[in-house]
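Working from the sequences, and respecting the hints, build out all of it.
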Amino acid sequence: MDTEISLRVDGAERRLTVDTRTTLLDALRERLGNTSPKKGCDHGQCGACTVLLDGRRANSCLALAVAHDGAEIVTAAGLAADGDLHPMQRSFIAHDAFQCGYCTPGQIVSAVAMLDEAANGWPSAVTFEAPDGSDGAVGTGPVDLATSPDEIRERMSGNLCRCAAYANIVPAIQEVAQS
Amino acid sequence: MRPFRYERATDPDGAVALLSRSPQAAFLGGGTNLVDLMKLDVARPDLLIDIRGAVSGVIEELPDGGVRIGAGVSNSDLAAEPLIRERYPVVAQAVLNGASTQLRNVATVGGNLLQRTRCLYFQDITTACNKRQPGSGCSAIDGHNRDLAILGTSPDCIATQPSDLAVALAAVDATVQTVGPDGSRGIPLTELHRLPGSEPQHDNVLAHGELITAVDLPPLAMAARSRYRKIRDRASYAFALVSVAAAIDVADGQVRDVRIALGGVAHKPWRARRAEDLLRGGPATEDRLRRAAEAELAEAQPQSDNAFKIPLARNAIVRTVLDLVEAER
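Taken in sequence, the protein lines are chains A and B.
Under the working numbering, the first residue of the first sequence carries the number 7, and numbering increases by one thereafter.
Under the working numbering, the first residue of the second sequence carries the number -5, and numbering increases by one thereafter.
For the record, the hints were derived by calculation from the structure and aren't laboratory data.
Since the model is a prediction, treat every value here as computed from it, not as a measurement.
Beta carbons are placed, not taken as given, at the ideal position from N, Cα and C, and that holds for glycine.
Honestly, I wouldn't trust all of these hints.
To be verified - Just a sample of chain B residues kept apart from chain A, beta carbon distances all over 12 Å, derived:
hint, residue
1, 17
2, 131
3, 148
4, 195
5, 197
6, 271
7, 272
8, 276
9, 285
10, 298
11, 301
Said to hold, decoys possible - Derived, one-sided and incomplete: chain B residues facing chain A with beta-carbon distance under 10 Å:
hint, residue
12, -2
13, 2
14, 22
15, 27
16, 70
17, 74
18, 95
19, 224
20, 231
What the hints assert, rightly or not - Below, a list of computed lysine to aspartate or glutamate pairs in the EDC-like style, where the Cα atoms sit at most 16 Å apart:
hint, chain 1, residue 1, chain 2, residue 2
21, B, 33, A, 32
22, A, 45, A, 32
23, B, 33, A, 48
24, B, 33, A, 25
Here it is as structure tokens:
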């Protein structure tokens, strides 16, 4: 069943007709020619398809395009405004935080969103594991990622890297968190 | 994926009316489980009714001191909410121990409670599964069952309920508010999910067309120092082998009240009432905790690959409650 929808993708207004079965990922890649989000598992398990959906990171492979008519989407390609790489993109290059690169756009979108989430005081499972065991007493202020690789690992656990570049991904993110 | 129609509901009654007319229709919340099951051809709705605009997306205090969580609240917003983190940390912790941020940003509270089992055979249409296709048999009983249930199983199904949130909500005596074809009702969370028995195709007691609109948390002072412990094969982003949600109120060395619920062990969040009863009125010692946990697990019936869950659940109960007791000293 075809439906006409509009999406704002990396700042550009796009109109398209989609079958109700079309995922946001397929709409972006196959219909709009934006191959920045990748199709890894196509089941919401690997994170390669991560985009910002109305400002929040989401797996575009599990989102039906028809259910997100009017949505604002930012892909990793859209993070590089006017061709200038985003600090997270530069840091991934500087730290050699990838091997094959297939998971990288998802990793970068996820990492950029994660910095916002921590700045807004969102806790993670690690935030609750205070060394004194006093969970429950978790503050609502910003969470410091720069000094906690465990926080970064937990918050990035929805992005898998089959090449296992994790050892460089964590420092790449940490450096941006510090700046 | 099979073809389907898509409609948006703008209020609960409209959503219920739409669904009730269509026996093969399904409500769509965040879709993080349903869309996946549709890709796998496990779920075959001919109509999706998007209810995100029909149910509340806010968290609010109730006049009795409790908290009401709209069914449309995202898992992320639930876990970040100061009211929840301060009064019911076990709930925030349980949510944050499930899935990934990408999934929690999209998944709703109502949908979290109604997600289907992750039993491998349920998700694989080439195998027999009584939950997916009643009467076809259970591939798990003689197959790979390491992840599956040890309590409340039946000869027809040994699936586990996968939600971490549901386990925490069972511990704090939450109530699920619904609207259905026969009106509205409140269902204690511990009675929302059912044991498989001879009808494992029914995960819960909701009627076709019944919509979860909110989850109410009662005022519960001891929940302010509650805890969720999840044991799994990797440190993050995996379903529970065993999990424990617990809260305890100790005064003068005696247990005045206690709440314990288990995840990863049954077709529903397993409220450990037998253990709770044994613990009340005596000291919260490691020895008493172990005996209470063993009594709770006395009727466990392990499968070929999951007998390890019995000592794991016992130890998880002891450690989780003891941590709470020690933190309170």
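A quick look at each hint next to the structure:
no.	hint	in the structure
1	17	holds, 19 Å
2	131	holds, 25 Å
3	148	holds, 29 Å
4	195	holds, 23 Å
5	197	holds, 20 Å
6	271	holds, 25 Å
7	272	holds, 25 Å
8	276	holds, 23 Å
9	285	holds, 24 Å
10	298	holds, 27 Å
11	301	holds, 28 Å
12	-2	holds, 6 Å
13	2	holds, 8 Å
14	22	holds, 7 Å
15	27	holds, 9 Å
16	70	holds, 7 Å
17	74	holds, 5 Å
18	95	holds, 6 Å
19	224	holds, 8 Å
20	231	holds, 4 Å
21	B/33 with A/32	holds, 13 Å
22	A/45 with A/32	holds, 9 Å
23	B/33 with A/48	holds, 9 Å
24	B/33 with A/25	holds, 14 Å
Taken one by one, the earlier hints all hold for this structure without exception.
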